[in-house]
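Take a look at the letters that make up each chain.
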Amino acid sequence: MTCAARGIHSVVCIKQVPDSAQIRVHPVTNTIMRQGVPTIINPYDLFALEEALRLRDDYGGTVTVLSMGPPIAEEALRRALGIGADAAVLITDRRFAGSDTLATSFALSKALAKIAEDRPIDIVFTGKQTIDGDTAQVGPGIARRMGLNQLTYVAAIDALDPAKGEITVRRRSEGGVQVLRSKLPCLITMLEETNTLRRGSIQDMLRAARAEIVTWSAEEAGIVDPMQCGLRGSPTVVKRVFAPQPRADRAEMVAVEGKSPSEIGEAILDLVFAEAPKLEADLATRFK
Amino acid sequence: MANASKTPPPANSRAAMQMRLAEKYKDYRHVWVFIEMERGRVHPVSWELLGEGRKLANDLGVELGAVVLGPRCEATKAVIGETYHYGADVCYICEDPLLTDYRNEPYTRALTDLVNKYQPEILLLGATPLGRDLAGAVATTLQTGLTADATELKIAEDKSLAATRPTFGGTLLCTIHTLNHRPQMATVRPRVMAMPEPDRTRHGRMVWHSLRMVEADIVTKVLEFVSDRQSDKANLAYADIVVAGGLGLQSAANLALVQRLAAALGGEWGVTRPLVQKGWAPPERQIGQTGNTIRPRLYIAAGISGAIQHRVGVEGADLIVAINTDPEAKIFDFAHLGVVADAVKVLPALTEAFARRLTSPEPAI
Amino acid sequence: MPEHFDAIVVGAGPSGNAAAYTMGKAGLKVLQIDRGEYPGSKNVQGAILYADALERMIPDFRETAPLERHVIEQRFWITDEKSHTGTHHRNDDFNEERPNRYTILRAQFDRWFSRQVRATGVTLITETTVTELVRNDAGKVIGVLTDREGGALYADVVVLGEGVNGLVGQRSGLRPEIRPDHVALAVKETHFLPEESIRERFNLSNENEGVVIEVLGSVSSGMIGTGFLYTNKESISIGVGCLVKDFAEKQIAPYELLDRFKSHPSVRPLLKGSEMKEYVAHLIPEGGYDAIPDLTGDGWVIVGDAGQFVNAVHREGSNLAMTSGRIAGESIARLKAEGRAFTKANLRLYRDALEDSVVIKDLRKYRKIPRLLKRNRQLFTTYPQIVNRMMQSFLRVDGQDKRAKEAEILRGVKAARGSWFGVAGDLFKVARAWR
Chain A
485 MTCAARGIHS VVCIKQVPDS AQIRVHPVTN TIMRQGVPTI INPYDLFALE EALRLRDDYG
545 GTVTVLSMGP PIAEEALRRA LGIGADAAVL ITDRRFAGSD TLATSFALSK ALAKIAEDRP
605 IDIVFTGKQT IDGDTAQVGP GIARRMGLNQ LTYVAAIDAL DPAKGEITVR RRSEGGVQVL
665 RSKLPCLITM LEETNTLRRG SIQDMLRAAR AEIVTWSAEE AGIVDPMQCG LRGSPTVVKR
725 VFAPQPRADR AEMVAVEGKS PSEIGEAILD LVFAEAPKLE ADLATRFK
Chain B
45 MANASKTPPP ANSRAAMQMR LAEKYKDYRH VWVFIEMERG RVHPVSWELL GEGRKLANDL
105 GVELGAVVLG PRCEATKAVI GETYHYGADV CYICEDPLLT DYRNEPYTRA LTDLVNKYQP
165 EILLLGATPL GRDLAGAVAT TLQTGLTADA TELKIAEDKS LAATRPTFGG TLLCTIHTLN
225 HRPQMATVRP RVMAMPEPDR TRHGRMVWHS LRMVEADIVT KVLEFVSDRQ SDKANLAYAD
285 IVVAGGLGLQ SAANLALVQR LAAALGGEWG VTRPLVQKGW APPERQIGQT GNTIRPRLYI
345 AAGISGAIQH RVGVEGADLI VAINTDPEAK IFDFAHLGVV ADAVKVLPAL TEAFARRLTS
405 PEPAI
Chain C
825 MPEHFDAIVV GAGPSGNAAA YTMGKAGLKV LQIDRGEYPG SKNVQGAILY ADALERMIPD
885 FRETAPLERH VIEQRFWITD EKSHTGTHHR NDDFNEERPN RYTILRAQFD RWFSRQVRAT
945 GVTLITETTV TELVRNDAGK VIGVLTDREG GALYADVVVL GEGVNGLVGQ RSGLRPEIRP
1005 DHVALAVKET HFLPEESIRE RFNLSNENEG VVIEVLGSVS SGMIGTGFLY TNKESISIGV
1065 GCLVKDFAEK QIAPYELLDR FKSHPSVRPL LKGSEMKEYV AHLIPEGGYD AIPDLTGDGW
1125 VIVGDAGQFV NAVHREGSNL AMTSGRIAGE SIARLKAEGR AFTKANLRLY RDALEDSVVI
1185 KDLRKYRKIP RLLKRNRQLF TTYPQIVNRM MQSFLRVDGQ DKRAKEAEIL RGVKAARGSW
1245 FGVAGDLFKV ARAWR
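So the sequences go chain by chain: A, B and C. Read in order, the letters of the first sequence correspond to residues 485 to 772 in the numbering used here. Read in order, the letters of the second sequence correspond to residues 45 to 409 in the numbering used here. Read in order, the letters of the third sequence correspond to residues 825 to 1259 in the numbering used here.
Pulled out of the complex, with its shape left as it was, chain A reads as follows (with noise of 0.2 angstroms):
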């Protein structure tokens, strides 16, 4: 069946991850204290999955989301669905644990091509980066491993041709925008604010607390060698944690009892350029 009869396959790599706003570190073991914080899906995927589902709107097909994570974060793939998405994929194993982006590209792409047995897929969705790695290298990392087109920082899909399986995008670039034309299968990761994210209708909502999330193991994703899963799989090793040092001494605090506030800036302005002689003579000689 041609892609324009079957519709668009697209499949979205979300992650599960904690509310970064809300993390503390615990001032005397300086542990991230995770107890408590409430995970969220990667607030960038859910522009990625947006942008699927409009794909989905337009030329049909199908929208599965895939996540790789510990079971909770099916939680993550549950909204996912409730939001509007097909189907769902989980893939969990202790010896995922510790992977950095290299092994996580890994893992992905295996579950992606085990999903494009049943299904080719015609357009892998990431979001921008994640909250709380913001390495933005799955994404590419997967395009390698499976020789999927990569156009990331993608503002717009501006036209897609599921029966030529071309695709034209706008990509952010410094200075401006690139238009570019691919082929499917491509990878897109997709930048934020680049459209608003739908609520999923009641039939959506009741699906998704009924569905039954597809859960895989390293073996049942396809991954036959698990050394490259986890931290074995990871180049990069994190030797250290710790806290930013404070700077030893706090700011001069300007004096402002009882002053009026052009009092107040007239004094700021006296000791600003004591601190930086140069910069008021920069600044005078620019307003000349």
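To be clear, the hints were calculated from the coordinates, so they are not data collected in a lab. Check before you lean on any hint, since a few could be wrong.
Counterexamples of contact, computed for chain C against chain A with all Cβ distances above 10 angstroms [said to hold, decoys possible]:
| id | residue |
| --- | --- |
| 1 | H912 |
| 2 | D1083 |
| 3 | L1219 |
| 4 | D1222 |
A partial selection of chain C residues facing chain A, derived with a Cβ cut-off under 7 angstroms [unchecked claim]:
| id | residue |
| --- | --- |
| 5 | L948 |
| 6 | I949 |
| 7 | R972 |
| 8 | E973 |
| 9 | G974 |
No more than 30 angstroms apart at the CA atoms, straight line, and that leaves these computed lysine-lysine pairs for DSSO-like [what the hints assert, rightly or not]:
| id | chain 1 | residue 1 | chain 2 | residue 2 |
| --- | --- | --- | --- | --- |
| 10 | C | K1185 | C | K849 |
| 11 | A | K762 | B | K389 |
| 12 | C | K1192 | C | K1168 |
| 13 | B | K265 | A | K648 |
| 14 | A | K667 | B | K265 |
| 15 | C | K866 | B | K322 |
| 16 | C | K1057 | B | K374 |
| 17 | B | K322 | C | K1101 |
| 18 | B | K389 | C | K1086 |
| 19 | B | K374 | C | K1096 |
We treat Cβ as the ideally placed atom computed from N, Cα and C, and that holds for glycine.
Position chains B and C relative to chain A; hints supplied.
Leaving out everything else, chains B and C in the frame of chain A:
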């Protein structure tokens, strides 16, 4: 805060892992920096990385190489010359019409071929859209480790690269090594490293490389490049005066006070992340860990609490002035000058004071 | 085809969860709808869990539920601006095998409770707000509409566990708008403090023992309200709440009140070195028995805070909510098993069972308290000052002979209250309202 890593890690833990390079990696030598050039213009982060790369090469006693990929033209020639001014000893060049516009396929091929041929031990790229697009593909092709957004690079005792980066939203830092794979790759955001002073008397060697691809090999085509025409496009990262506002401004309307002061100083204006999330300002105005890193000569922070995610984006500023109503605000821990007052009142006063001072006929001494 | 359920439960708080759990266990087809991102995200409480109510549904909850500390000591403080006088009960018996009261963190506890609910087969959808009830031509409630597209959801009965605001109930005309003198606004902060510090400051042997402090007096700045401080494993919950009507009249901002409470000389040292983690505000029903709305109708029942089941005197709310939810669930399951329709008349089963339970019994007992408090604000202002001044004077050894000192103290009391009749009258009123 106590430093958690004072005690050494347990002997057979991951953190205590030792370097044990395979034979095939033992001859990898030299530090390379990828020079990001588009339409004849070099992204300044490349120079910042050459500056940093120079220090690493000196520590290791090896050469600093620059990699220039692009079309064959005058602009490229000029760039090659500049790489020596900023510290490179040798420039690896691949000039080909296929490299005229950035595309992942030919650039990844060129860079990986060069690495496989000349075997550098360290490869650095800027953490820009282009740099990240390229770095991930290259690292995966080479099956090596890549540390993103490093804020500090050092050579460790075992001669490996120690790349430090923030983690968990910036609340902690971690140091990462690519112990047993080569090259050790890292990306660094613009403005994190200092811009080195160029030495225009320096020269270096050139090494040429052919791409060996044809257009038909490359699937992705560039149809056009649409430049940003916005007149108020932010250039926060490289501004030398920045005024920024945070939640202490209390309303989107008050952002105008920040903008006015910035204009009076001839500088740029920015905001903290919560304001972008509230829709008060576009993402390119964001300053902080997930936004722009700035290194201005003067940074005025109005109504900003100074959480770590913001701090890491502004610590490199020469002079930080913080205005906040809360005397316990964290920003006063790293600002140089602190003012406990309502920014909404002080900003206009400051704007006026600066305007008066700067347009007066005699510069104050 | 629109879906049909035996029951739809609006809300995944203590009352909604209790109702859904009970009905789920009885084999009913239940749909539960919560507007929060995850169950519990919109719920706010001090929080104290009274084990009894939960035990009746999930006897072995202690094995898996996330509990902070079990309470072994209760302090009751009466404060004036700079001091407090209090009573204190600490009992090692509370270290029993099945402790009776725990401090909990609502977000975590509710998620756990929700998992238990779903394990019984209940379908839960979140991030969905019920906007109105659907009625048939005869006026019977037959389902709900939500803020998502896809139409209505239908059920034989709708259980409204939507909390103190009760918006759906209000909008559907099931209950009147909430009166500002029937509800308190409480604000709370959670302060992170290392476990060792909590242990030391509160004199506890381990990370499982906990302390509860309830505060009356200057903490509410002349308004009707109370303050509290609870110890969690690695944090302190501190809060204060007053009648919404009082806040409006006095024009004091709630967080200002909390700031004052935090800087009270008796409180500040307990919070020293802590880091604020979270700030929340919530409404608490305070109307008591007389504020209870109609609890049943054709095709609907009200449970939890929406029914005003809060015992202000003993600060019990969530357990009464759970109990009401459980009783509603049992009544509904019984009607279903007997094949009877969910008419208002039949649902009396719920109302009657509630009357027989501690929920209504306790509320009835304290029915006069709200009015008493409103008419006797001196309980929040004058008496706390009197008590503290008395104690201060009593404890100060300053060369005055004891007889003279006592006389001076008693004069002070009389002067503050106006007359001995005033004091006697107050004592009488309180005693009568208490009974």
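We went through each hint and held it up to the structure:
Residue-level check passed: H912/C sits 29 angstroms from the nearest beta carbon of chain A, beyond 10 angstroms. No Cβ of chain A comes within 10 angstroms of the Cβ of D1083/C; the nearest lies about 21 angstroms off, and the non-interface call holds. Every Cβ of chain A is farther than 10 angstroms from the Cβ of L1219/C; the closest lies at roughly 37 angstroms, confirming the non-interface assignment. Every beta carbon of chain A lies more than 10 angstroms from that of D1222/C, the smallest distance being close to 38 angstroms; the non-interface claim holds.
The interface hint given for L948/C is met, as the beta carbon of that residue sits about 6 angstroms from the closest beta carbon of chain A, less than 7 angstroms. Because the beta carbon of I949/C sits about 4 angstroms from the nearest beta carbon in chain A, less than 7 angstroms, this interface hint is met. Checking R972/C against chain A: minimum C-beta separation of about 5 angstroms stays under 7 angstroms; hint holds. Using the Cβ-Cβ criterion of 7 angstroms, the hint placing E973/C at the interface with chain A is satisfied: the shortest such distance is roughly 5 angstroms.
Interface hint status for G974/C: upheld, as the beta-carbon distance to the closest one in chain A is roughly 3 angstroms, under 7 angstroms. Our distance criterion of 30 angstroms between C-alpha atoms is met by K1185/C and K849/C, whose separation comes to about 27 angstroms. The hinted pair formed by K762/A and K389/B meets the criterion: a straight-line CA distance of about 27 angstroms does not exceed 30 angstroms. Note on K1192/C and K1168/C: the hinted pairing holds, with a Cα-Cα distance of about 28 angstroms set against a maximum of 30 angstroms.
A C-alpha spacing of about 15 angstroms is found between K265/B and K648/A, which places the hinted pair at or below 30 angstroms, so the restraint holds. Under the criterion of a C-alpha separation no larger than 30 angstroms, the hint pairing K667/A with K265/B is consistent with the structure, at around 10 angstroms. The suggested pairing of K866/C with K322/B holds, with an alpha-carbon distance near 21 angstroms, which does not exceed 30 angstroms. Between K1057/C and K374/B the CA atoms are separated by roughly 26 angstroms; this keeps the pair inside 30 angstroms, and the hint holds.
With a C-alpha separation of about 21 angstroms, the suggested pairing of K322/B with K1101/C holds against the 30 angstroms cut-off. Straight-line distance between C-alpha atoms of K389/B and K1086/C comes to about 29 angstroms, which keeps the hinted pair within the 30 angstroms bound. This hinted pair checks out: K374/B and K1096/C have alpha carbons roughly 17 angstroms apart, not beyond 30 angstroms.
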